[in-house]
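*Asks:* Spelled out, the chains give:
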Amino acid sequence: MLKMINIDVDLDGDNGKDQVLNKINLSLERNKIYVMTGPNGGGKSSIAKSIMGIHKPSSGKIFLDEVDITDMSISERARQGIGYAFQTPAKFKGLKVRDMLQLAAGENKIDLCEILYDVGLCAQDYLDREINSTFSGGELKRIEIASILSRKLKVAVFDEPEAGIDLWSFQRLTETFVKMHEKYDTTIVIISHQERILRLADVVIMVDNGTISEITSKDKVLKDISHLDSGCELRDNCIKGGIEDAECIR
Amino acid sequence: MLSVLDKKLLEEVADLHDVPQGAYNIRKNGEGISKNNTANIEIVTKKDKPGIDIIIKPGTKGESVHIPVILSHEGLNDIVYNTFEVGEGSDVIIVAGCGIHNPGSKKAQHDGVHEFFVRRGAHMKYIEKHYGEGEGSGKRILNPKTIIEVEEDGVVELEMDQIKGVDQTVRDTEIILHKNSRLIVSEKLLTYLDQSAQSNIIVELLGEDSSAQIISRSVAKDDSRQVFHLSLKGHTKCRGHIQCDSIIMDKAQVSSIPEISAYHSDAQLIHEAAIGKIASDQLTKLMTLGLSEKEAEDTILQGFLG
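Chains A and B supply the protein sequences, listed in that same order.
Sequential numbering from 17 applies to the first sequence in the numbering used here.
Sequential numbering from 51 applies to the second sequence in the numbering used here.
Excised from the complex, chain B in its bound form (with noise of 0.2 Å):
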């Protein structure tokens, strides 16, 4: 039975007003607390550790799977170990995400790390976002590691966010992409106080025709620290893209480290990195649209973190 506590997590982290339609799985506290199997999708718990093996018939289409996380307690240290099958020419959106509301001033923290197989031909598109709140002191900590295979001609699409309300975070995230495979990552980002975030993408295309696009937004602002290593590597015949932005605000600190290594002359790669305050000229046309400085001000981040 899910609180209204637990309802509101899940609503932030996954777009979930109730147990959702189709395959899920919903852990709570380091617990799994409510799971459901479709007839392509079945969710089978582990046996030698903690997490779930997310299994995809191939030429599954047009389903979802929702693997939500929550922690309501103080003083958790929860780590799961998921693993993804997501079978050949199969269609997919993945959602998972957590969410931590710490009511103490022990920390609550959760390392998820979950690894993927896309196997041939097959598209999953996979949404992760981490929110926190709760009115202690308590720090709250997520640390995920994603790990991603992609196959010849599949394309994996990661929409990963940070919201709100996370004060320690490590994102570490490996992919390899394999013949013809195609890879597009949105990371947004959001920290202020004394937040820290850290984001390290690896990507090897390792495949003749892969291609891959990262595209990173972020906002620090008061004394947090943020810190971007993406890299591309380019083992073969392939292209790849980098975009990191950050804005940056108050007494916050932004390092963007940019690392593009190519290993075939036929390795298109490029990377694009800018640290900087709002524009002035953005701020000025919205304040003569009527809006305060304040107003203008949201309204450009607002836009910017989408």
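So that you can see chain A by itself, here it is in the shape it has in the complex (with noise of 0.2 Å):
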């Protein structure tokens, strides 16, 4: 279990000035989906990040099944297994597909044919690649995701998987995130605004104005959706927990 107790988080570490996260208390059990939504700028990417250690709080304490990592640079959260696959993938000159994998996968045997077919991808064409300018947005996505399906982890969190992915490989993704689940009962926390994604969620966080403003059901949410769904009024921002740029749900 990963359990934030009164998390705050100051960028600048000047008093407040820069505060993007507010008292977060969040308890993560294992083998949950759980699926973190709301405004842009409400502090879910923050939340994502103080998991993986690259924000660090200025009060409050983290541990993961009872050991205090609040302390432990990104290496060794790394280590203990929390994995964060970023919304904007890093490029590398001269890092190959394969490279990246592997450092991934570290001792975890893995099949790195099957692991980027998970992500949509043909080994063939993009194992022996550069992780560099030449993929498009949606490459760099997956190959990030499948950078994280490599390892055996206690938490993975994925930051707006979907960005850049096409509708095609969608209900593949979904799937991957199911399947990566069962396989090493990991923790799964998804930062999405997609009906689809929200569908996969034992529990629903919902994220705004650095706080969470409420931690609820799937169902309960799917259902203020399809209360607010005439004409795409969700993109008039107007549901109360903030949901912005879900679909339109018929």
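None of these hints come from the bench; they were simulated from the model.
Please note: incorrect hints may appear among the correct ones.
Calculated cross-link-like contacts (lysine to any residue; reagent style SDA-like; alpha-carbon spacing at most 20 Å) [to be verified]:
hint, chain 1, residue 1, chain 2, residue 2
1, A, K107, B, L126
2, B, K271, B, H173
3, B, K327, A, S149
4, A, K72, B, E343
5, A, K109, B, E81
6, A, K107, B, E347
7, A, K109, B, D103
8, A, K112, B, I265
9, B, K344, A, D34
10, A, K109, B, G353
11, A, K109, B, E345
12, A, K109, B, L351
13, A, K107, B, L355
Nothing here was measured: the structure is a model prediction, and the numbers come from that model.
From these two lone chains plus the hints, build me the complex, please.
*Replies:* In structure tokens:
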């Protein structure tokens, strides 16, 4: 289980001027899928980065399976079994897809072809290509997700994994999350605005204005959305929890 | 007879574990110590100055020539002049390179002047690696000068790597491209401590539909200095592209001086140059996979320099 207790994050550390998270309390249980949603800039990615150790809390504690990881570095947290798929993946001149996936896997035995297949890429075409700007945004995103799928994780956080992924591959992507979840008993946290991702959730976490505004069920959220659905009203950002850009449901 | 040290240097600069197959000439401490010709490749010792002529018969395909140079003494100043005649329609790999082991306090220097004539329709891949080591405080200096003329329909691939341990280098490369000929250059350079490296590449695109692609990647660490002067001159309908990327670290200094000159309205020339630190998003990504910051940095540099 991962627990965040009273987490504040102030990016500049100057007494609240750049505070992006305010008193976050969250318990993520093993083997559950959480979908985190809410308006842009509300703090979803900041929570994810705090879990990974990219953002350091100005106060509060984080525990993973009762171990205090608050002061652990990114690398140490990774070795404890936390993974994070970035919203905007890094490009690397010289580093090939094969290298990245093998680095990610470490001692975990993986089938590179299967991993790439799961994210909709053909291994033959991609394994020996550099992860550089010749890739489209969608391709980079898939490789980023593949790097997380290569690992045996306790907690995997995916930051808007659907961005840049075409409609045709979406189904496979959602199946892949379920597969990972079942294979390794992984706690999965997905930051998303997509209804199809919301449908995977055991629990939905609504984040707004640097706080958790609500922890609820997908049924409630989907019901709320369906009430609002007349002529894409969601685009007006009118849902009280702040789900924006979600798909219209008929 | 090659010593263990000689073999180590040969492995570093030419991936050789022993004397190679096929044509070769091994030069050690200013003298040729071992040579072999084949039916298609003849190596002749020059009579007027130090060096060799390498004559590759027209139509020779799938053969390689190894001409490594090793220096294992301090105080040497070895100069060599090699001339390559790559026959019409041939397709060969030439592996050069120089390794210096300097055990003393005096400098050890090798200056190699290589002149290539790549005849019509020939394809030459030239691999040159430079490496230095040794417990002595004496400088390890390598100054290669490479002059290449590529005839019609010829193709030249150059792989020029300065892997490690060279204290000072000035690399001069001059290439002339004739009609429909093609040049691909891959240069990789690493400097650290107080090392310095200068690379000057001038490509004259003389022939119609000739093309050149130069990809230069370097890493400068500590107090080292690098200067790149890469120049493309398009005299006719031609295409040229220079991509010069450097990662700069610590207190190093890097200068990248682009020059593209077109003397014809159908010349298409591009120069891209970038100098910067290792991107933080790259480091962070690798750290999220469990690598320490140092391991992440090493992985990025290793990948960048291939």
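*Asks:* For each hint, tell me whether it holds in the structure or not.
*Replies:* Right, here's what the structure says about each hint:
| no. | hint | result |
| --- | --- | --- |
| 1 | A:K107 <-> B:L126 | violated (45 Å) |
| 2 | B:K271 <-> B:H173 | violated (36 Å) |
| 3 | B:K327 <-> A:S149 | holds (18 Å) |
| 4 | A:K72 <-> B:E343 | holds (16 Å) |
| 5 | A:K109 <-> B:E81 | violated (40 Å) |
| 6 | A:K107 <-> B:E347 | holds (14 Å) |
| 7 | A:K109 <-> B:D103 | violated (38 Å) |
| 8 | A:K112 <-> B:I265 | holds (17 Å) |
| 9 | B:K344 <-> A:D34 | violated (30 Å) |
| 10 | A:K109 <-> B:G353 | holds (7 Å) |
| 11 | A:K109 <-> B:E345 | holds (17 Å) |
| 12 | A:K109 <-> B:L351 | holds (9 Å) |
| 13 | A:K107 <-> B:L355 | holds (15 Å) |
Checked against the numbered hints above, the structure breaks hints 1, 2, 5, 7, 9 and satisfies the rest.
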